[in-house]
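Visitor: Fit chain B to the supplied structure of chain A, relying on the hints for placement.
2 protein chains.
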Amino acid sequence: MIAQSQVKWNQDALRALRVTRGFRLEDVDPRSTPGYDGDKHHGEVDLRAGLDQLAQYQERLYAASRGGTATDAVLLVLQAMDSAGKGGVIRHVVGGVDPQGIQLAAFKAPTEEELAHDFLWRIEKRLPGPGLIGVFDRSHYEDVLIGRVRGLAEPREIERRYGAIVDFERRLADHGTRIIKVMLHISPEEQGERLMDRLERPDKHWKYNPGDVDERARWGSYMDAYQTVLTRTSTDEAPWYVVPANRKWFARLAVQELLLETLEAIDPQWPKADFDVEHEKARLKATL
Amino acid sequence: MIAQSQVKWNQDALRALRVTRGFRLEDVDPRSTPGYDGDKHHGEVDLRAGLDQLAQYQERLYAASRGGTATDAVLLVLQAMDSAGKGGVIRHVVGGVDPQGIQLAAFKAPTEEELAHDFLWRIEKRLPGPGLIGVFDRSHYEDVLIGRVRGLAEPREIERRYGAIVDFERRLADHGTRIIKVMLHISPEEQGERLMDRLERPDKHWKYNPGDVDERARWGSYMDAYQTVLTRTSTDEAPWYVVPANRKWFARLAVQELLLETLEAIDPQWPKADFDVEHEKARLKATL
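Top line first, the protein sequences correspond to chains A and B.
This note's numbering runs 50 ahead of the 1-based position in the first sequence.
This note's numbering runs 50 ahead of the 1-based position in the second sequence.
For the record, the hints were derived by calculation from the structure and aren't laboratory data.
If you're wondering where the values come from, they're calculated on a predicted model, not measured in any experiment.
Even for Gly, the Cβ is constructed at its ideal location relative to N, Cα and C.
There's no promise every hint is true.
To be verified - Calculated pairs, DSS-like style, for lysine-lysine (alpha carbon to alpha carbon, straight line, at most 25 Å): (1) A/Lys298 / B/Lys257; (2) B/Lys322 / A/Lys257; (3) A/Lys58 / A/Lys158; (4) B/Lys257 / A/Lys322; (5) A/Lys322 / B/Lys254; (6) B/Lys322 / B/Lys335; (7) B/Lys175 / A/Lys335; (8) A/Lys331 / B/Lys298; (9) A/Lys254 / B/Lys254; (10) B/Lys175 / A/Lys175; (11) B/Lys331 / A/Lys257; (12) A/Lys298 / B/Lys158; (13) A/Lys158 / B/Lys322; (14) B/Lys322 / A/Lys254; (15) B/Lys298 / A/Lys335; (16) B/Lys254 / A/Lys331; (17) B/Lys335 / A/Lys257.
Stated by the list, open to error - If you want the ones that stay clear, here's a sample from chain B, every Cβ over 12 Å from chain A, calculated: (18) Trp59; (19) Thr70; (20) Ile316; (21) Val327.
Here chain A stands alone, though its shape is the one from the complex:
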């Protein structure tokens, strides 16, 4: 086992942050730190300590899959309102892992070709293979979030998608993919400050899009759409976790902890050699 040094968690993040029956998004304080007793300083120390653990688990996960029998993979789905910190999570949590073990997919507005297919077509193509940690920066959930808020599809089609998503994710889970779905949850006030910061710094202008302000006007509709998503698609095979994200340090730490606890549960093992080690040593020695 790889030692856990996260000392300030008072319960598993997988439990503290999980969306279960009766969950209401409006009850979550975006400034809170559910399950964690530490402050920003503790959080940063724990994040650093977790980087090594995560790198070690990932290497074992990858190695186990090379053994030929393990099909375990991890899929981290990140959804959030603009500026909630998806990019920071990818940089500071995922970035600590060997790039060879990560499969990152950022989903933008669909292309013409993608629109001509079912909404899960482009998703299927970016799924992580065995031994990899897949990270989705946005996902198929856009098709029931912006898709619903902006009326990009008929209500009946939106309705169909919830069920299609549950079936799709069950199939992935049955094949050995552990799915961690995270909504980074910020308050509209916090978003306002972050967008203003982008406007005030010339080196951040490229991150700003005038459309961001238009979407802000639809905050309530987005929260309604998220609530429906959380209610309809948080399953045993693919649970949702709502991570309060006004405090960036907590959002990063919490996503890291969700990954660590998931990998700890998989507990990947170094595969046994499928060759005769002593024989290979002798062959190699003959070449030295």
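Guide: Relative to chain A, chain B alone:
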């Protein structure tokens, strides 16, 4: 400009390591550290300092491409004999950069479908878009290395490929991709020790392949094939760099420095806002 803190380089790595006319691979000592005056300790300090610089350059490269005009990209091609340290370079150099700015492609033995196409077909699909740093873990050069040594194609076809590669890479360069081709160069003795280490550690068995010993028997043929590649395909648009790699710390530092000097030459700039900043501030304020 981003300050360079690599103090122990006595000349640009882009110059010290470059393959130019008359280059002979057999003249390169795999234990040497061309262009660098420091020892392992200096190298590790410089590598750490370089991580931040590289991350900053990469962010600017990406930002500049979002501005819509810059098409600059970087393509790092890594070729080497087994165990020469490609994986370590990816982990310790590329791993320091935001994963969102990296496009990593590992090329294994081609599939049936890939073999049915021209050898550059699968390569084209994995090229980095504007603003990205592409990293090829093996590449189209396999088709003139193992392809030649193991006779996987007719000599005439192998011959054709050198010219096709030069034309292909010129086209990429014309579109704004800076190509850095690196051969990590170890001695057969060093490889022997590294393979033995894999055999002696159960947590490394998964990295060992009995075929590695068979390839060792063809070391001379591989060096001949590399020499031809270096002679025929090191061009102004896409130069080769031979990085002595018996010392892992130097190989990592040298590849990092090649990337840093290349990005410094591009000198990417934050793009100007394509919207009225004051107007947007006012719109945003109205929502606070």
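Visitor: When the hints from earlier in the document are held up against this structure, which numbers fail?
Guide: The structure conflicts with hints 1, 3, 7, 9, 12 and 21, although it agrees with all the remaining ones.
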